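**Q** Chain by chain, the residues run as shown.
2 protein chains.
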Amino acid sequence: MGEIRIIPLAGIPELRPEDDLAAHLGDAIERAGGLEHGDVLVVAQKAVSKAEGRVEQTDDVLAVILREARAVRRRRGDLIIAETKQGFVCASAGVDRSNTPGEGWVVLLPCDPDASAAAIRAALEERFGVAPAVIVSDSFGRPWRDGTTDVAIGVAGMKPLLDLRGTNDARGYRLSGTVIAVADELAGAAELAMGKAEGIPAVLIRGYRVPEGEGSARELVIPPERDLFP
Amino acid sequence: MGEIRIIPLAGIPELRPEDDLAAHLGDAIERAGGLEHGDVLVVAQKAVSKAEGRVEQTDDVLAVILREARAVRRRRGDLIIAETKQGFVCASAGVDRSNTPGEGWVVLLPCDPDASAAAIRAALEERFGVAPAVIVSDSFGRPWRDGTTDVAIGVAGMKPLLDLRGTNDARGYRLSGTVIAVADELAGAAELAMGKAEGIPAVLIRGYRVPEGEGSARELVIPPERDLFP
Chain A
763 MGEIRIIPLA
773 GIPELRPEDD
783 LAAHLGDAIE
793 RAGGLEHGDV
803 LVVAQKAVSK
813 AEGRVEQTDD
823 VLAVILREAR
833 AVRRRRGDLI
843 IAETKQGFVC
853 ASAGVDRSNT
863 PGEGWVVLLP
873 CDPDASAAAI
883 RAALEERFGV
893 APAVIVSDSF
903 GRPWRDGTTD
913 VAIGVAGMKP
923 LLDLRGTNDA
933 RGYRLSGTVI
943 AVADELAGAA
953 ELAMGKAEGI
963 PAVLIRGYRV
973 PEGEGSAREL
983 VIPPERDLFP
Chain B
763 MGEIRIIPLA
773 GIPELRPEDD
783 LAAHLGDAIE
793 RAGGLEHGDV
803 LVVAQKAVSK
813 AEGRVEQTDD
823 VLAVILREAR
833 AVRRRRGDLI
843 IAETKQGFVC
853 ASAGVDRSNT
863 PGEGWVVLLP
873 CDPDASAAAI
883 RAALEERFGV
893 APAVIVSDSF
903 GRPWRDGTTD
913 VAIGVAGMKP
923 LLDLRGTNDA
933 RGYRLSGTVI
943 AVADELAGAA
953 ELAMGKAEGI
963 PAVLIRGYRV
973 PEGEGSAREL
983 VIPPERDLFP
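Sequence lines, in order, name chains A and B. First residue of the first sequence: 763, per our numbering; consecutive thereafter. First residue of the second sequence: 763, per our numbering; consecutive thereafter.
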């Protein structure tokens, strides 16, 4: 494994409904020198949601949160941990009041983030002749650990989990229970180059070999029968 | 924010108790071209634990797990989610049977991973005249999300959380609740260049500006009064 590079894609304007996000991403990739085989493109959920029109003006954010939620898992004061309709468990069912189009607006999760990632991937393949793996990322809090980390809520052109079960460690011991959420690690790595306040909604990660296959971010969700924190 | 590089440090031998880990890290850094101001060094917990002699031979792993635990949070069959004596919540109280010194051995968490990180930082500063931020990383599972991601269990020379509360987003909206666990994102990014089976126990991350200050990985642990998943 060689060096991995995290390349911020600058100059992408604030997105609005019906903007062609893939075209803006393609322009930014061109400015960064183009796409290489094996590149992973990580795009912030907020840019995807805005381009898809998943924004709304409301004076009742709580009602929007409860509408976007399939189930509320925990609630304490203003903090609502909910399972979203897309199947993810996160604060406020993914409804966000920062970096919105304006005062009184909220941004919602894309309806189908895997499909969003696949559409971006297809458009970039058409333009560059090379198809990057694509991750749609969002900032999630975690039980027990403070602060958010970016994780993958949509993927295309890769498997989100690296499954090492059945392989051997450096000493030859069989790794029995090792599955690594590499799509989440890639999303977190990308966040380091995005910054919350700096208007960098996408980065390229170069030099990392993703697990091959067609995957879904839903594979990152623990199924109910193994969920110890319902 | 420019490009971030994740540079694997190759050629570090399998560590044994009383090995000089900082010297091996320094040699590997020299082979990679030396240390630069602002570099972050991420070292896998397993290497730290082995060099500190936190390994033992046992035929009763469960007893070791319960000894290393301060409290058991959840248990289902073989899976024990425990709060460790260091304050972290993770599977098996951090007791690990893969990549050990041999059959029947387990590797335990360092007694004080912040102190481990600080000692490595001090030794490298003496050698290179530049002090890197240092993170000791480990692979933790997460509620709701499948697979592990690497997180920080020890830090030195940086704050593990980037606190943006009170700053403004790109549109000028005040970010009210944004605290980013950048030490965890750095640890996860480093894992991508380590690989579980490839014997790369450390990486340099170059080009990322860490939150300044002297921090502790314990800041990454949600305090009991805010813990929704006791």
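Keep in mind that a hint or two might mislead.
Pairs count within a copy or across copies, as identical chains cannot be separated in the list.
Okay, derived cross-link-like pairs now, SDA-like style, lysine to any residue, Cα gap no bigger than 25 angstroms in a straight line [unchecked claim]:
id, residue 1, residue 2
1, Lys921, Gly961
2, Lys847, Gly788
3, Lys847, Thr940
4, Lys847, Phe890
5, Lys921, Phe902
6, Lys847, Gly773
7, Lys921, Ile984
8, Lys921, Asp908
9, Lys921, Glu845
10, Lys921, Arg767
11, Lys847, Asp931
12, Lys921, Glu780
13, Lys921, Pro863
14, Lys847, Phe991
15, Lys921, Gly866
16, Lys847, Arg927
17, Lys847, Arg968
Hints are computed from structural coordinates only; laboratory data are not their basis. Quick caveat: nothing in here was measured; it's all calculated off a predicted structure.
**Q** Are the hints correct? Go through all of them and say.
**A** The hints, checked one at a time:
In this assembly of identical chains, the alpha carbons of Lys921 and Gly961 lie at most 25 angstroms apart only when taken from different copies (23 angstroms versus 28 angstroms within one copy). Proximity of Lys847 and Gly788 under a CA criterion of 25 angstroms is satisfied in neither setting, with 30 angstroms inside one chain copy and 49 angstroms between copies. For the homomeric pair Lys847 and Thr940, the shortest alpha-carbon distance between copies (24 angstroms) is at most 25 angstroms, but the shortest distance inside one copy (29 angstroms) is not. Proximity of Lys847 and Phe890 under a CA criterion of 25 angstroms is satisfied in neither setting, with 34 angstroms inside one chain copy and 52 angstroms between copies.
Within a single copy, Lys921 and Phe902 get their C-alpha atoms as close as 20 angstroms, and across copies as close as 20 angstroms, so both meet the 25 angstroms cut-off. In the homo-oligomer, the alpha carbons of Lys847 and Gly773 never lie at most 25 angstroms apart, since the shortest distance is 32 angstroms inside one protomer and 47 angstroms across protomers. Taking the shortest Cα distances, Lys921 and Ile984 sit within 25 angstroms of each other inside one copy (15 angstroms), while across copies they are farther apart (31 angstroms). For the homomeric pair Lys921 and Asp908, the shortest alpha-carbon distance between copies (13 angstroms) is at most 25 angstroms, but the shortest distance inside one copy (28 angstroms) is not.
Taking the shortest Cα distances, Lys921 and Glu845 sit within 25 angstroms of each other inside one copy (23 angstroms), while across copies they are farther apart (31 angstroms). For the homomeric pair Lys921 and Arg767, the shortest alpha-carbon distances inside one copy (20 angstroms) and between copies (23 angstroms) are both at most 25 angstroms. Taking the shortest Cα distances, Lys847 and Asp931 never come within 25 angstroms of each other, neither inside one copy (39 angstroms) nor across copies (27 angstroms). For the identical chains of this complex, Lys921 and Glu780 are neighbours neither inside a copy (29 angstroms) nor across copies (40 angstroms), given an alpha-carbon limit of 25 angstroms.
For the homomeric pair Lys921 and Pro863, neither the shortest alpha-carbon distance inside one copy (33 angstroms) nor that between copies (32 angstroms) is at most 25 angstroms. Taking the shortest Cα distances, Lys847 and Phe991 sit within 25 angstroms of each other both inside one copy (18 angstroms) and across copies (22 angstroms). In this homomeric assembly, Lys921 and Gly866 never come within 25 angstroms of each other (Cα to Cα): the closest approach is 37 angstroms inside a single copy and 33 angstroms across copies. With identical chains, the CA atoms of Lys847 and Arg927 are never at most 25 angstroms apart, being 31 angstroms at best within one copy and 29 angstroms at best between copies.
In this assembly of identical chains, Lys847 and Arg968 lie within 25 angstroms of each other by CA distance neither inside one copy nor across copies; the values are 32 angstroms within and 39 angstroms between.
The structure fails to meet hints 2, 4, 6, 11, 12, 13, 15, 16 and 17 from the earlier list, while all remaining hints are met.
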